[in-house]
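Q: Can you make the complete structure from the sequences, with help from the hints?
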Amino acid sequence: MFKYIGRRLLHLIPVIILISMLIFTIIKLTPGDPVGANLDPRSTPEQKAAERARLGLDKPIPVQYWNWLKRSIRGDFGNSYIYKVPVSEVIPTFIKNSFILNVFVYIFAFLISIPIGIITAVKQYSKTDNFWSAFSIIGISMPTFFFGLLLIYFFSVKLDMFPISGMKTVGSKATGWANIKDILHHMVLPGTVLIIGSLASLVRYTRTSMLEVINQDYIRTARSKGLQEKVVIYRHAFRNALIPIVTIVGFTIPGLFSGAVMLETVFNWPGIGRVLVDAVNLRDYNLMMALNMFFAILTLLGNLLADIGYALVDPRIKVE
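Reminder that position 122 of the sequence shown reads as 122 in this note's numbering, one-by-one numbering, no gaps.
Hints are computed from structural coordinates only; laboratory data are not their basis. Note that the coordinates shown come from a computational prediction; the quantities given were computed from them, not determined experimentally. There's no promise every hint is true.
[Stated by the list, open to error] No more than 30 Å apart at the CA atoms, straight line, and that leaves these computed lysine-lysine pairs for DSSO-like: (1) K48 / K59; (2) K70 / K84; (3) K70 / K59; (4) K84 / K28; (5) K158 / K181; (6) K96 / K168; (7) K96 / K70; (8) K225 / K123; (9) K168 / K181; (10) K28 / K59; (11) K96 / K84; (12) K181 / K123; (13) K28 / K96; (14) K181 / K96; (15) K84 / K48; (16) K3 / K70; (17) K96 / K173; (18) K158 / K168.
A: Pasting the structure below:
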C-alpha cells in the first residue's frame, strides 16, 4: 500500500507540471493585465510599460512561466497585486474561513444523506422515497445563487432574522464564545444553501448505488438463506454500494474550498472562492495561479484518496 502511494505521488509530479503550464498559459492569454486593472487610468504609456517591466510581464510567456516555476519550487509564489503582500500570506487566512463554512456542512450532510439514501432505496416508491426523490431533484436543479438570494430576501430583508452577508458583525470585538456565536449566526444562511445542495446530490447517489446492488443475485441469495434484513442491507448491500460513494468523497475534498465560489460571492463570505473572484477581476496573476494550483493539487489528492478508499471498502480491489 505504501509503495503504491509513493509511486502515485511521484506520478503526480509531471501531471502537476503539465497542469501548471496549461493554467499559466490560459491566465496569460486572458485579456487585460494587472497593470491596466490596478494603475491609475490616467497613467501614461511609458508608466504602464515601466510597471510591466518591473513585474516581468514584458517577457515571453515561456520565460515568465520558467521564472514562476523556479520561484514556486522554493515556495515563493510572488506578491499579490491586490493585497501587496506575499501570496503565501494571503491564502491561509481565507482557506481557514472557507474550511469553517464548508467542512462542518459536508460532514453533517454525509452523516444524514447516507442513511436517508439507504432508506429510500429499501423503501423504493414509498412516500418517503417520493419525498426525498423530489427533494433531490429540486435541490440539484436549483442554482446556488438563486437559492441564496431567496434566503437573503425572506430571512434577512423581510424577517430580519439573520445577517445579509459577511462572517462577523462589522465592528464587533467579541471574543470567546460570543465570537463563535456571531460566526455561527452568520453561517446559518450560507450553510443552509450548502447543506440542501449537498444532501440532494448525496441522497441521490446513495439511493442509485443501493438500488443497483439490492437487485443483484447475491442479495437475493443472502435473503434466501434466512439472514436478517438489517444484515443483508448493511453488511452485504451497503458495503458493495460504497464504491460510488467513495468517489463522491474524493471529489468533495477539492470542493471544500473551490465549490462555494458562487455562494461566497452571494453572501460576501471572506473565503477562498471570494478571493479567486477578486483575483480574476483584477488580474492578480500570482494569486490566480496559486489558487488554481491549490485546487488542482487537491483534486489530484482527492482522486488518490478515492483509489485507496476503493481497496479499503472492497478487498477484491488490489492497489498495485
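Q: Please go over all the hints and tell whether each is borne out by the structure.
A: Do the hints match the structure? See the list:
1. Proposed proximity of K48 and K59 is supported: the alpha carbons are some 14 Å apart, at most 30 Å.
2. A distance of roughly 21 Å separates the Cα atoms of K70 and K84; the hinted pair therefore holds under the 30 Å criterion.
3. Under the criterion of a C-alpha separation no larger than 30 Å, the hint pairing K70 with K59 is consistent with the structure, at around 16 Å.
4. For a cut-off of 30 Å, the pair hint linking K84 to K28 stands: about 20 Å separates their Cα positions.
5. For the given pair, K158 sits about 22 Å from K181 by alpha-carbon distance, which is consistent with the 30 Å threshold.
6. Taking the CA atoms of K96 and K168, the gap is near 14 Å; set against the 30 Å cutoff, the hint holds.
7. For the suggested pair K96 and K70, the alpha carbons sit about 27 Å apart, so the restraint of at most 30 Å is met.
8. Only pairs whose Cα atoms come within 30 Å are accepted, and K225 paired with K123 is accepted, the gap being roughly 21 Å.
9. This hinted pair checks out: K168 and K181 have alpha carbons roughly 10 Å apart, not beyond 30 Å.
10. For the suggested pair K28 and K59, the alpha carbons sit about 11 Å apart, so the restraint of at most 30 Å is met.
11. Between K96 and K84 the alpha-carbon distance is near 20 Å, which keeps this suggested pair within the 30 Å criterion.
12. For the suggested pair K181 and K123, the alpha carbons sit about 39 Å apart, so the restraint of at most 30 Å is broken.
13. About 28 Å separates the Cα atoms of K28 and K96, which keeps this hinted pair within 30 Å; it holds.
14. At most 30 Å may separate the alpha-carbon atoms for a hinted pair to count; K181 and K96 meet this at roughly 17 Å.
15. Simply put, K84 and K48 have alpha-carbon atoms about 18 Å apart, close enough for the 30 Å limit, and the pair holds.
16. A threshold of 30 Å between alpha carbons decides the hint, and for K3 with K70 the separation of about 29 Å falls inside it, so the pair holds.
17. Between the alpha carbons of K96 and K173 the distance comes to roughly 19 Å, so the proposed pair stays at or under 30 Å and holds.
18. As the CA atoms of K158 and K168 are separated by approximately 20 Å, the hinted pair is consistent with the 30 Å bound.
In this structure, only the earlier hint numbered 12 is contradicted, and the remaining ones agree with it.
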